[in-house]
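Novice: For reference, the chains in residue letters:
Number of protein chains: 2
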Amino acid sequence: MDQIEDKRIAILDATLRLISKNGFHGTAMSKVAKEAGVSAGIIYHYFAGKDDLMDELYKYIKRKFGLMINESFDQTQPLKIQIRQMLGVMIRYYIQRPLESTFLEQYTRSPYYNSEIDLETSQYYMPLLKCFQQAQQEMIIKDFPEPVVTALTLDVATSLAQRHAAGFLNLTDELIEQVIDACWEAIRQ
Amino acid sequence: MDQIEDKRIAILDATLRLISKNGFHGTAMSKVAKEAGVSAGIIYHYFAGKDDLMDELYKYIKRKFGLMINESFDQTQPLKIQIRQMLGVMIRYYIQRPLESTFLEQYTRSPYYNSEIDLETSQYYMPLLKCFQQAQQEMIIKDFPEPVVTALTLDVATSLAQRHAAGFLNLTDELIEQVIDACWEAIRQ
DNA sequence: TAATACTGAACGAACATTCAATCTAGTTGA
DNA sequence: TCAACTAGATTGAATGTTCGTTCAGTATTA
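Just so you know, the sequences run in chain order Y and H. 1 is the number of the first residue of the first sequence in this note's numbering; add one for each residue after it. 1001 is the number of the first residue of the second sequence in this note's numbering; add one for each residue after it.
Not one of these hints is a red herring.
Listed next, with one range per pair, are the computed distances between beta-carbon atoms:
id	chain 1	residue 1	chain 2	residue 2	range
1	H	Lys1021	Y	Asn170	37 to 43 Å
2	H	Asp1143	Y	Glu71	31 to 37 Å
3	Y	Ala166	H	Ile1009	29 to 35 Å
4	H	Asp1143	Y	Ala166	20 to 26 Å
5	Y	Ala166	H	Glu1138	25 to 31 Å
6	H	Pro1078	Y	Gln178	21 to 27 Å
7	Y	Glu116	H	Glu1138	45 to 51 Å
8	Y	Glu174	H	Lys1130	23 to 29 Å
9	H	Leu1067	Y	Glu71	47 to 53 Å
10	H	Arg1188	Y	Glu71	32 to 38 Å
11	H	Leu1067	Y	Gly167	25 to 31 Å
12	H	Glu1116	Y	Met139	47 to 53 Å
Here are the simulated DSS-like cross-link-like pairs (lysine-lysine), alpha carbons at most 27 Å apart as the crow flies:
id	chain 1	residue 1	chain 2	residue 2
13	Y	Lys80	H	Lys1142
14	H	Lys1034	H	Lys1059
15	H	Lys1142	Y	Lys142
16	H	Lys1050	Y	Lys50
17	H	Lys1021	Y	Lys21
18	H	Lys1031	Y	Lys50
No lab work stands behind these hints: they were computed from the structure. Treat the numbers as computed from the prediction; the structure is a model and nothing was measured. The beta carbon of each residue, even a glycine, is placed where N, CA and C say it ideally should be.
Please put together the full structure from these sequences, using the hints given.
Specialist: Laid out in structure tokens, this is it:
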């Protein structure tokens, strides 16, 4: 029972490794099979096709990420602290997982991406959105539409982690704190 | 002489249209030829191959964008006004040109992208970087590394324009001004 | 008449996908 | 206990298609 899940995950992991190295168009199914140590045919036992494999990989990573964010949520803290903590967690997570973050960036900008895909995984991100909503109700942060808040905080985090992974920037703990300060200044009331 | 430039540009424009619809991997050379109204072979007269075509398209768009930014630069204004103006110009430009911005986003996240590509076009962005540098020297904005300043301002602009184009958000003139305010709060000293 | 622009059929490589055959592990029945 | 059976897992060669690229030949321009 565990073994069949293992093989599915081995295929997903192999896909992740190849895509962040070669992109979608450089990732052939035969190469995924080789990288995962399985035969080419078996991929179609676990996935409907290449598109489905990509979609499932996205969901798999998004789910892992969402669970991790939920874990590190401390709802006893004041909202300001919660938001700042969450930003720190995100930046550090992206830095520690360049393969994952590279893939997410590529996927969300590709024609594979559609908003329906996020429906299943969006539940994991509820606490995060609720956090922003409550902060808006309490007039702690500005009353921007949700995508604007995201752009000013979460997207900054992914953008910086990307540059860090590419070697354009060295994100030290001190600099991360300063970036969190800056994001907070952007959204605070 | 003009005619050969016209055909080159027709090919670039056709490539742009197809990529923002189908992505890199869904954009075949034969389809580019059809879309541009030329034969398949002639593309290889103007470009060394598919990779070169993509690189040249990136440079072409970056150059157009850079020239436009330079035009709208008013160096008689105080630095704060200059930076805010520039952000407004960027956001509006991206919104008005969804094909271009979608392509830039996709390309810079793809394995095609390498930092050497930007060398040729980076000259057009000098005034912009100089503007930030001077503001840092005059202690008007925080002394962040250049990629951090970019993430907190230009990347926010592209990220929002993307969401606007995708229909997740309606960027009114009023909201754009508020976003510029927020970006400014993030970087100001 | 020479150089350059252009065509489109042709080619080989790469690719996603299929499938008949084989293997594996779990279940049944005597 | 074990042979027979079965269903799912797995293989990898084969298939048909698509794609990037080439090139011999034709048109255009100066």
